[in-house]
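Q: As a plain string of letters, each chain reads:
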Amino acid sequence: MTERFESAQHWFTVLDVAARARFGSERTDHLVDELRLMAETIARVFAEPLDFDDEPPVDVLSERPGNP
Amino acid sequence: MNGIAQLSIREIPARIRQRDLSVLELLQATIERIERTDSFLQAWVELDREGALREAERLDHLAERGTVLPLHGVPVGLKDVIDVAGLPTRAGFAPLGDHPAQADAAIVARLRELGALILGKTHTTQLAFADPAPTRNPWALDRTPGGSSSGSAAAVAARQVPLAVGTQTAGSVLRPAAYCGVVGFKPSLGWFSLQGVIPLAWTLDHLGLFARSVEDVAYTYVALCAHQRLELPLLSEPPRLLFLVDFLELTEPEVAEHLHDVVRRLREAGARVEERRLPVDVQLLLAVHHTIMLAEMGALHQQALERHPGAYGPRLRAAVEVGQIVPASAVLHARRLRRRLASLLDDFLARADAAILPTASGPAPDRSTTGDRRFQAVWTLLGTPAISIPSGLTRAGLPLALQLVARYGHDRRLLHVAAWCERILPGLPPPPLA
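Chains as they are written, first to last, in our numbering: chain C, 40 to 107; chain E, 170 to 603.
Just chain E, with the same shape it has in the complex:
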């Protein structure tokens, strides 16, 4: 693996500032690496070579004049539901065609302001739901990379890019991050603007980040949010954690065994960990999420389903159809419960710095599915920040991950807790295909 592909996000602008590296060199190395690995990985829908080349030259001129931005030259992949001016947003859905987007999504515009190098579009499951994308898992080609942000997770795991952006309506950032052995972070609901992002379910959709380390994610997040109020303090001592045992009962035995081992390590390092049960039934949280998600999907696709029924993947089509006949009384009941549950869980999470649970019930399954969304969907429903950190490998060599969640709005504190935990964990080697 070449050295450039190993640079952290913080190191890239630092090296450019020191004139050790140009954006053009970085771009060439990145493109070469993608071309060498993507024929079997299939993480990318489209690489914008010309646009990235023009931008690299512009960024190099800026650097020569002494201006180096916080994400100067950092190559970024964007899930193909996010608009990039001049590139089509296909979302794996043929009726959207090849028309180029007229403007950048808000997140893309912000990344450009910070000097990021927009490289192109990564594969998504169709319209960010559950029909698998062509992308393979870099740890084992016969396994799913997870979904729906399949290409974004795989591209970061395979060291094609250090940063990628995805979306999550149930578990589409954290689960692929866990399956691919990278860090995935979903900020609080509404924290990043969804302008210019194709929706799946309006009140559940989140944007999220993929990177190789918590430090990379935190650095990017703080840069993206520089204009927002970030009032939470640094950790002055080891964190207090709630170990959510409800979820262990739903995992494969190897995952439960692994998480107990992770918690033991964290305790030995000084974390105060209490075993707790959620104050509400996990199945209720999932029922509320499922009802709202399918109803919103049904409403969103009212016209498109009538016009293009044959263009839908089987899972998406079935979900949209069922969503269109969910009684309004059930949807309103679910929305009211959502508010109650958010309040209850906020009180519960306030007892500690973060809660800890597995990110997924098992390692990446085969490619017929994108995996189990239950462990991530709960936090998407509640809009709390959540992060997945690689924590080890199964006996078969597939990544395992722990998930940390915190109260709504406590994103920065969650990142501090995650950074503390990451230092205790062994870290993963690059995947065999990287």
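Only chain C is shown next, with the shape it has when bound in the complex:
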């Protein structure tokens, strides 16, 4: 994962631009705290690398042992 993907500031910029396009500037100004939290959250998620071949995006339940 690149350093940019692990940067909360990068993700805040991405989210802020998306929010302004979707909800308008006035509403986005109300969302700043939530956007900042989500930016930090996304950066934390991307800071954890995955093995693309061994960890495909499948549903959690389908591979659980003992799933009723």
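These are computed hints drawn from the structure, not numbers from a lab.
Idealized CB from N, CA, C, for every residue including glycine.
Treat the hints loosely; a few may be bogus.
[To be verified] In silico contact screen, one side only, chain E against chain C (beta carbon under 10 Å); selected entries:
1. Val-449
2. Leu-455
3. His-459
4. Ala-487
5. Gly-492
6. Pro-496
7. Ala-499
Since the structure of chain C is already known, use the hints to place chain E on it.
A: This is chain E only, laid out in the frame that chain C set:
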């Protein structure tokens, strides 16, 4: 407090079988109690007096003919995101209107099969998220009962009903149970059908039970699951527990001190308790949970938010809006991590019968919030069974609770461990307002 309100869930059908009690008497006492206490507690959105009366008469006729079911006459409150045929499911969200549900949710149908008396709907935070419900905490009216299953927890704590059902997508069963001083149990993900339940985030939503004791919860759970495979053995010796110290670093000092005292008592009673750290960072688990939850909420509310933006509470609206712009790459990354984390934690939890940690970082806060979901959300993400047991009171007289979690699918063993621990703990008196 009248004697009927103190009966355990197991005792109710037993007393009906012995003809010591009729369902009608039980219903009348329950309604009187709710009417006396709910003006200040506000646990109930709607009581179905007529429906419950008809059902009580039917159950009494059945009992007269010799048929007494496992939950015969047990009054139940249902969080108002769960469909009951003939009653509206409002979920605290005005656009859903007052249209009655056409059919019972699967859990309601199962409760009826077992003879439970469906009494009505309990308050939820709006659509089971985080904007506080009107419900008060029976231990202190200025405190939150927790959320989102606020009314269900408060109703059981105030001895209005012995059993209530809620849902949990982050911490909405265990946290209100802890704040209200009752037992809250969330079975493994997918164990109870969510058919007929308004979703919040599809892959995280669970149903859960509230009762006054582990025995009541276990009795109900086994009755509900009678058709399912329950292969786990009874405890033959005191349990092995992993004491998760990571969480103690995030608690208020009084909670940490209390949990150390609880662990000391359990050790003195024979439990083998090892202090351990999780094999992964708690913040990563919470980040994965938050990403998936908000993205699913955003998708779920795509149309409703466009049509009814003004109907949303501020916390729910903000979460849905942010969820709608989370990049797909982040959501997929989080889902893949979820699978890895579930596997890692399953290996970790396999080292003992259960892990022990506080249910919440502190006692119930004021009513501006529904409390801290971090300690419960981790286990919701992983889909493991989790139970909250009252374990004492703060110096200010508010309930504290311990949380036990076990491997996915080991629900019944967790209940056995919880019952063992509950016997060691002092137990709480009824709340001052009960």
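Q: Now tell me, hint by hint, if it's right for this structure.
A: Here is what the structure says about each hint:
The beta carbon of E:Val-449 comes within 9 Å of a beta carbon in chain C, closer than 10 Å, and the hint placing it at the interface holds. Taken as an interface hint, E:Leu-455 checks out: its beta carbon lies about 8 Å from the nearest beta carbon of chain C, inside 10 Å. A hinted interface residue such as E:His-459 counts as satisfied when its beta carbon comes closer than 10 Å to some beta carbon of chain C; here the least separation is about 5 Å, so the hint holds. The restraint placing E:Ala-487 at the interface with chain C holds, with a minimum CB-CB distance near 5 Å, inside the 10 Å limit.
Hint status for E:Gly-492 relative to chain C: holds, with the closest Cβ pair at about 9 Å, below 10 Å. Nearest Cβ of chain C to the Cβ of E:Pro-496: about 7 Å, under the 10 Å cut. The hint holds. Annotation: interface hint on E:Ala-499 holds; nearest CB of chain C at approximately 5 Å, less than 10 Å.
Figure legend: structure checked against the earlier numbered hints; every hint is met.
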